[in-house]
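2 protein chains.
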Amino acid sequence: MDRAACVERDLADPLADRRDAFVLPPGVLYLDGNSLGALPHGVAARLQAVVEQEWGNGLIRSWNDAGWVDLPARVAQRLAPLVGADADEVAVGDSTSVDLFKVLAAARTLRSDRRVLVTEQGNFPTDLYVAEGLARLLGDVEVRSVASADLPAALTPDVAVLLLTHVDYRNGRRHDAAALTAAAHAVGALTVWDLAHSAGALDVDLHGWNADFAVGCSYKYLNGGPGAPGWLYAARRWHDTASTPIQGWFGHAEPFAFGPGYVPAADARRFLAGTPHVLSTAALEQALHAFDGVKPSDLDAKARSLTDTFVALVDERCGGEVEVASPRDPAVRGAQVALRHPRAYALTQALIGRGVIGDHRPPDLVRLGFAPLYVRHVDVYDAVEILADLLATGAWDRPEFHRRRTVT
Amino acid sequence: MDRAACVERDLADPLADRRDAFVLPPGVLYLDGNSLGALPHGVAARLQAVVEQEWGNGLIRSWNDAGWVDLPARVAQRLAPLVGADADEVAVGDSTSVDLFKVLAAARTLRSDRRVLVTEQGNFPTDLYVAEGLARLLGDVEVRSVASADLPAALTPDVAVLLLTHVDYRNGRRHDAAALTAAAHAVGALTVWDLAHSAGALDVDLHGWNADFAVGCSYKYLNGGPGAPGWLYAARRWHDTASTPIQGWFGHAEPFAFGPGYVPAADARRFLAGTPHVLSTAALEQALHAFDGVKPSDLDAKARSLTDTFVALVDERCGGEVEVASPRDPAVRGAQVALRHPRAYALTQALIGRGVIGDHRPPDLVRLGFAPLYVRHVDVYDAVEILADLLATGAWDRPEFHRRRTVT
Chain G
1 MDRAACVERD LADPLADRRD AFVLPPGVLY LDGNSLGALP HGVAARLQAV VEQEWGNGLI
61 RSWNDAGWVD LPARVAQRLA PLVGADADEV AVGDSTSVDL FKVLAAARTL RSDRRVLVTE
121 QGNFPTDLYV AEGLARLLGD VEVRSVASAD LPAALTPDVA VLLLTHVDYR NGRRHDAAAL
181 TAAAHAVGAL TVWDLAHSAG ALDVDLHGWN ADFAVGCSYK YLNGGPGAPG WLYAARRWHD
241 TASTPIQGWF GHAEPFAFGP GYVPAADARR FLAGTPHVLS TAALEQALHA FDGVKPSDLD
301 AKARSLTDTF VALVDERCGG EVEVASPRDP AVRGAQVALR HPRAYALTQA LIGRGVIGDH
361 RPPDLVRLGF APLYVRHVDV YDAVEILADL LATGAWDRPE FHRRRTVT
Chain H
1 MDRAACVERD LADPLADRRD AFVLPPGVLY LDGNSLGALP HGVAARLQAV VEQEWGNGLI
61 RSWNDAGWVD LPARVAQRLA PLVGADADEV AVGDSTSVDL FKVLAAARTL RSDRRVLVTE
121 QGNFPTDLYV AEGLARLLGD VEVRSVASAD LPAALTPDVA VLLLTHVDYR NGRRHDAAAL
181 TAAAHAVGAL TVWDLAHSAG ALDVDLHGWN ADFAVGCSYK YLNGGPGAPG WLYAARRWHD
241 TASTPIQGWF GHAEPFAFGP GYVPAADARR FLAGTPHVLS TAALEQALHA FDGVKPSDLD
301 AKARSLTDTF VALVDERCGG EVEVASPRDP AVRGAQVALR HPRAYALTQA LIGRGVIGDH
361 RPPDLVRLGF APLYVRHVDV YDAVEILADL LATGAWDRPE FHRRRTVT
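Here the protein sequences line up with chains G and H, keeping their order.
Sequential numbering from 1 applies to the first sequence in our numbering.
Sequential numbering from 1 applies to the second sequence in our numbering.
Please note that a few of the clues may not be correct.
[What the hints assert, rightly or not] Not everything, but these chain H residues come out facing chain G in the computed CB check (under 10 Å):
1) 1
2) 33
3) 43
4) 51
5) 97
6) 100
7) 110
8) 207
9) 208
10) 226
11) 252
12) 278
13) 311
14) 318
[To be verified] Computed far set for chain G versus chain H, every beta-carbon distance over 12 Å:
15) 8
16) 11
17) 57
18) 67
19) 295
20) 323
[Said to hold, decoys possible] Label pairs and their in silico Cβ distance ranges:
21) H:52 with G:187: 39 to 45 Å
22) H:395 with G:261: 36 to 42 Å
23) H:136 with G:331: 41 to 47 Å
24) G:362 with H:185: 41 to 47 Å
25) H:185 with G:289: 51 to 57 Å
26) G:67 with H:14: 27 to 33 Å
27) H:157 with G:158: 36 to 42 Å
28) G:158 with H:208: 50 to 56 Å
Treat the hints as calculated values from the structure; they're not laboratory data.
Glycine residues also receive a C-beta, built at the ideal position from the N, C-alpha and C atoms.
Isolated chain G, as found in the complex (with noise of 0.2 Å):
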């Protein structure tokens, strides 16, 4: 595959146009949207406006003139398309860590005649903390991590709740949603899926899957910005019955009547806990504007399309200096590949230093993101031949490149 069969690719492309949303700094091949998106136009300005008029001249009346209060509702009406919900099972708030210990709170509740917690050894460490923390608080809930095979033999009449994380953030290997789903309920088992890898890359369809509950991270793949908030979703079914842990005065049915008991909203609103953050809203509401019309299905085909490319040329290109660990089958693939290599951490900083910016996840993989609305099959091939010639050249194993940083 030459460099003019990715121009084509890009020609053929229906998301071609969107790359033009977003400031892309020149000289980088940015193949690390799957930690932290790119900057969407529009960001910089929004945030000035809600910084310099809304706050510095609105002061207090912009709750009601600027619809701060409005503001997480209508971050989950972009947002829900995006994942295959209605808006009113979405909020938009806290950390993805707080929203899943909110949502694998309400779960075990729902639930409070099981013990069991499954989940999956190698789950995105962050997951399994939340899980362990809520386990030790409550202390009679059993956390069962078992490896990716032994899951549907996991799923015993006692499980409460299974907790996975849709794309594996290291592999990139990619759950059958809707299947482990059914399996998870067929035991009578709430599910809670993770999408940080997954929303704004993936077709997620909750609906469609038949999930329970939902987090997900908007920095990464939805291009928040650095600590954009988390978000939940907590289907219909469960708006009665569903509790948070954490009642904050924006969940209330009524924040404003500061009322003496908490009343839960009657949909997934009631999972909101305190003060949005504005600031950090604002930009998330602002950059997702640059979906405006696009379809999961349309960000799956191109982000298949992208890490198709790249296998390919890896396996042309770089065939015996490093291994695809990822699963080489699209379907059960996410938006991004990882290469093993056994100096991966000098690897990815000479390909950083090249202008190829990936990350390294310790101990052997270069992990890079192919996010669907900015980068081109050029970008891919790009890359590859940097990476084809820091291994031919040798040229990647400088001693600057072993010298580590706090963040890999």
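Since the structure of chain G is provided, determine the placement of chain H on it from the hints.
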């Protein structure tokens, strides 16, 4: 007292120059810094740089290069001296509600042989909601809300935690935090102080009070912007044993090691959860520069002077028309004064219509806050002049001032 006397007081005010650190819209007397602090100069530029340079250009590299990874710790360092704490005892992140949930759960776990959480009737509603939510989740905790006067008697040996808000959000009554903390300790209970209406305005002295835990809000007197991150305090003596219920990766001893087991950070950082909201946290970091070199006792003295001036002027000019609903002794009053009026909502709207921005707290209070960094004694004078005029002429009683808005 005439206006010249207020000018005199401003001339003698050691914090007078701090007003220049803020953007204050023309034609506004802003007496709602207890609800949303004014915009400090420099915040807009800082956010612009974070968005355009750090996010847009630096992308994922900014975790290292722009020091995002240390942002919560840097803010803690600025905040700690304002509340009489050391930086490693303060964790900045999430919201006040979520932070309250965390420290309440931690305190309760440290006193797991006791089942009672004592708080005050009329405590800030969210504080009660959060406490009741935790009690419901744990099942074996009883929330006992008593009248202020009955607090000492309520401290019995079955009390695990005393949860109080230092300054009452409606009438501004200030608790004797040192005395109540000692009383709680005398029966073996721990204390959780909500400093939302204190930090940045009063002489908060967590070490001097011998406090165990505290939470605060940074969008009120700390001027961090709408929905700025919450913060919490955990006294050093609890660092080894206190555990957060929400074990997120940012509270891990080595967040970027992605290790399989949760190992809490050695200090209050263990209470952080998910990825920090970088935009909101950077705004707060910048905003706190307005406090450079300011001691909590300076803030307290200015707050007393402003509220004393206000009460004296209201007595002089509006006597009989409104009632001062806040304590008259500044030692037991926060930086805010509430006025009672049978049609307080309309009176608040009429004041806002004339540029005096305060807020209404149902059923019958007009609440006015006196942020010590930017409110002048002449502002107090001018505000009372407008209030007196509205009351004398009955101009507050127009239909448009009775119309209800979402946020009051």
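Okay, the hints, checked on the actual structure:
1. The interface hint given for residue 1 of chain H is violated, since its Cβ lies 27 Å from the closest Cβ of chain G, which is over the 10 Å cut-off.
2. With 10 Å as the threshold, the beta carbon of residue 33 of chain H comes within range of chain G, its nearest partner Cβ sitting at about 9 Å, so the hint holds.
3. A hinted interface residue such as residue 43 of chain H counts as satisfied when its beta carbon comes closer than 10 Å to some beta carbon of chain G; here the least separation is about 6 Å, so the hint holds.
4. Of the supplied interface hints, the one on residue 51 of chain H holds, with its beta-carbon coming within about 5 Å of a beta-carbon of chain G, less than 10 Å.
5. Checking residue 97 of chain H against chain G: minimum C-beta separation of about 3 Å stays under 10 Å; hint holds.
6. At about 9 Å, the closest approach between the beta carbon of residue 100 of chain H and any beta carbon in chain G falls short of 10 Å, and the interface hint on this residue holds.
7. Nearest Cβ of chain G to the Cβ of residue 110 of chain H: about 13 Å, over the 10 Å cut. The hint is violated.
8. Hint on residue 207 of chain H is violated. Least Cβ distance to chain G is approximately 26 Å, over the 10 Å limit.
9. Because the closest C-beta pair between residue 208 of chain H and chain G is about 28 Å apart, greater than 10 Å, the hint is violated.
10. Taken as an interface hint, residue 226 of chain H checks out: its beta carbon lies about 4 Å from the nearest beta carbon of chain G, inside 10 Å.
11. With its C-beta approaching chain G no nearer than about 7 Å, residue 252 of chain H sits inside the 10 Å limit, and its interface hint holds.
12. For residue 278 of chain H, the interface hint holds, the least distance from its beta-carbon to any beta-carbon of chain G being 4 Å, beneath 10 Å.
13. Below 10 Å, beta-carbon pairs count as interface contacts, and residue 311 of chain H has none with chain G, the closest being about 23 Å; its hint is therefore violated.
14. Taking 10 Å as the C-beta cut-off, the interface hint given for residue 318 of chain H is violated, the closest approach to chain G being about 23 Å.
15. At roughly 28 Å, the least C-beta separation between residue 8 of chain G and chain H is larger than 12 Å, which holds for a residue marked as non-interface.
16. Once the 12 Å rule is applied to beta carbons, residue 11 of chain G is consistent with being away from chain H; the minimum gap is 27 Å.
17. Listed as a non-interface residue, residue 57 of chain G fails to keep its Cβ farther than 12 Å from every Cβ of chain H; the least gap is roughly 5 Å.
18. Non-interface status of residue 67 of chain G relative to chain H is broken: a Cβ of that chain comes within 12 Å, the nearest being about 9 Å off.
19. Non-interface call for residue 295 of chain G relative to chain H: holds, since the shortest CB-CB distance, roughly 27 Å, exceeds 12 Å.
20. For residue 323 of chain G, the shortest C-beta to C-beta distance to chain H comes to about 20 Å, beyond the 12 Å cut-off, and the non-interface label holds.
21. Distance hint for residue 52 of chain H and residue 187 of chain G: a CB-CB separation of about 51 Å, inconsistent with the stated range 39 to 45 Å.
22. Distance hint check: the CB atoms of residue 395 of chain H and residue 261 of chain G are about 37 Å apart, consistent with the given range 36 to 42 Å.
23. Taken as a hint, the range 41 to 47 Å holds for the pair residue 136 of chain H and residue 331 of chain G, whose Cβ atoms sit roughly 43 Å apart.
24. Remark: the range hint 41 to 47 Å for residue 362 of chain G to residue 185 of chain H is upheld by a beta-carbon distance near 45 Å.
25. One distance hint, 51 to 57 Å for the beta-carbon pair residue 185 of chain H and residue 289 of chain G, holds here, with the actual separation near 54 Å.
26. The supplied range of 27 to 33 Å is broken by residue 67 of chain G and residue 14 of chain H, whose beta-carbon atoms lie about 40 Å from each other.
27. For the hinted restraint 36 to 42 Å between residue 157 of chain H and residue 158 of chain G, the CB-CB distance of approximately 38 Å keeps it satisfied.
28. Between residue 158 of chain G and residue 208 of chain H the beta carbon distance is about 51 Å. The supplied range of 50 to 56 Å therefore holds.
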